[in-house]
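Chemist: Read off the chains here:
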Amino acid sequence: MPVAISVDAPEVSENLRRKRGYTFPFLSDQKAEVIRRYELLHPRGGPDGTDISRPAEFLIDRSATVRWENFTEDIRVRPRAGELLAAARAIR
Amino acid sequence: MVDTAARKRTLAPWMGLLLTLLGALSNGLPFVGFPAAPVPWISLLLSLIGFVVVLLGLWGAFGQSTVYKGKLSGSIAAAFSLLFLAVAIVFFWDARHIPAESASAPQVGQLVPDFRLWDSAGHSVSLTQLFSGSAGKEPPKALLLVFYRGYW
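Here the protein sequences come in this chain order: A and B. Heads up: the first sequence at position 84 corresponds to 697 in the working numbering, and the numbers run straight through without jumps. Heads up: the second sequence at position 108 corresponds to 187 in the working numbering, and the numbers run straight through without jumps.
This is chain B alone, in the form it adopts within the complex (with noise of 0.2 Å):
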């Protein structure tokens, strides 16, 4: 006869649910000026191995229930942490996902085609304007083109 009271809660499920959830809203720290360039990986990982220690968790209340507890809570902490896992993805993917016919954009050495655009005064400027300079301003030496995707 197991004694149901002496059996172990675990904690894996949801420090797991914890880590995926974190994974998924890492995704937002380039929105809030924090650069993910040195680990763009970071999300999709913290989530990944979050998932990793849930399934670590479910395993030792199914597996092993006669030392831990815990069937139903770590089965609705996998079901979270599976939405948040693929939450992650998801992002990852949408972030890696930009064209790649642009073999065929400007490259070091070639000229750029010049360009009139309105500026955001109502102005209608060219390339080759800007590289005059602005009254009262020295004209630049170099431009540099910043192509963003816009609606921020």
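If we strip away everything but chain A, and leave its shape as in the complex, we get (with noise of 0.2 Å):
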């Protein structure tokens, strides 16, 4: 199951989730603490200067364990679906 995670307030990804048709979870940290604490935080990367995350993908087992992860070079450039679903089917 996916779980989208950012800075935006919960009426903000609300409406992107409505939106886009979305079922799973999106969280809000509107004080970047779990982004911080995952080393994810691009200082000053959002608009008027805010602290926002870098994009990030990890895929965890029931363990918590990191089975997969993701972090692009270029915002612009999406994961690759394909690996994904590998390391996915490799879970039990």
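Calculated directly from the structure, the hints in this document are not laboratory data.
Here are the simulated DMTMM-like pairs of lysine to aspartate or glutamate, each with C-alpha atoms no more than 20 Å apart in a straight line:
{"hint": "1", "chain 1": "B", "residue 1": "Lys220", "chain 2": "A", "residue 2": "Glu670"}
{"hint": "2", "chain 1": "A", "residue 1": "Lys644", "chain 2": "A", "residue 2": "Glu624"}
{"hint": "3", "chain 1": "B", "residue 1": "Lys220", "chain 2": "A", "residue 2": "Glu696"}
{"hint": "4", "chain 1": "A", "residue 1": "Lys644", "chain 2": "A", "residue 2": "Asp664"}
{"hint": "5", "chain 1": "B", "residue 1": "Lys216", "chain 2": "A", "residue 2": "Asp674"}
{"hint": "6", "chain 1": "B", "residue 1": "Lys220", "chain 2": "A", "residue 2": "Asp674"}
{"hint": "7", "chain 1": "A", "residue 1": "Lys644", "chain 2": "B", "residue 2": "Asp193"}
{"hint": "8", "chain 1": "B", "residue 1": "Lys220", "chain 2": "B", "residue 2": "Asp193"}
{"hint": "9", "chain 1": "A", "residue 1": "Lys644", "chain 2": "B", "residue 2": "Asp198"}
{"hint": "10", "chain 1": "B", "residue 1": "Lys216", "chain 2": "B", "residue 2": "Asp198"}
{"hint": "11", "chain 1": "A", "residue 1": "Lys644", "chain 2": "A", "residue 2": "Glu627"}
{"hint": "12", "chain 1": "A", "residue 1": "Lys632", "chain 2": "B", "residue 2": "Asp198"}
{"hint": "13", "chain 1": "A", "residue 1": "Lys644", "chain 2": "A", "residue 2": "Asp661"}
Please dock the two separately framed chains into a single complex, following the hints provided.
Modeler: The following block contains the structure:
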């Protein structure tokens, strides 16, 4: 199950979730505390110099171990679905 | 005596201008649901090629002014294409300007820290709870944590 996390307020995330028709959870980390703990902070990367998360994806199993991850070098470049699905199939 | 009417028009500056404009605009493609994954360089490359074409046109207008006309139009095209090229360069730099200190982010094989955040319906949820599954649904075998930039 995907879980989306950003600094957006719950209302903003809910808007995006509805507009795109997603059914998985969207979590709000408005103070970027979890983003900081995961070492993903992009200082002043947002509009008006706000701190945001860099794009990053982690596939984790039930023991909370990372099984696959992706850090893009270019915000326009998204992860390849094939790699992710292969890693997901390997989890029993 | 040169017959000015016989000098050829050159479309090169305008073709080049169009290319640099397309290059700059193509930076917006990922935002309309067209990810640039296979060719992240395409926007910059288009603009660069366009600018070279404009320069070739200028060279025709100024260097071979007995053959080609269009000194004024060529110069205008060059000014605008330089602007679009600058836009493409700024977008290119900005898209790749991601902090590199994620070296200490969780790596494959490591455990990720638990957390508790508000979901978009106003419920407080933890990573552990997400794994336990919601009412009537089977608990997920895996989670894909997608951190995104927000402000969508």
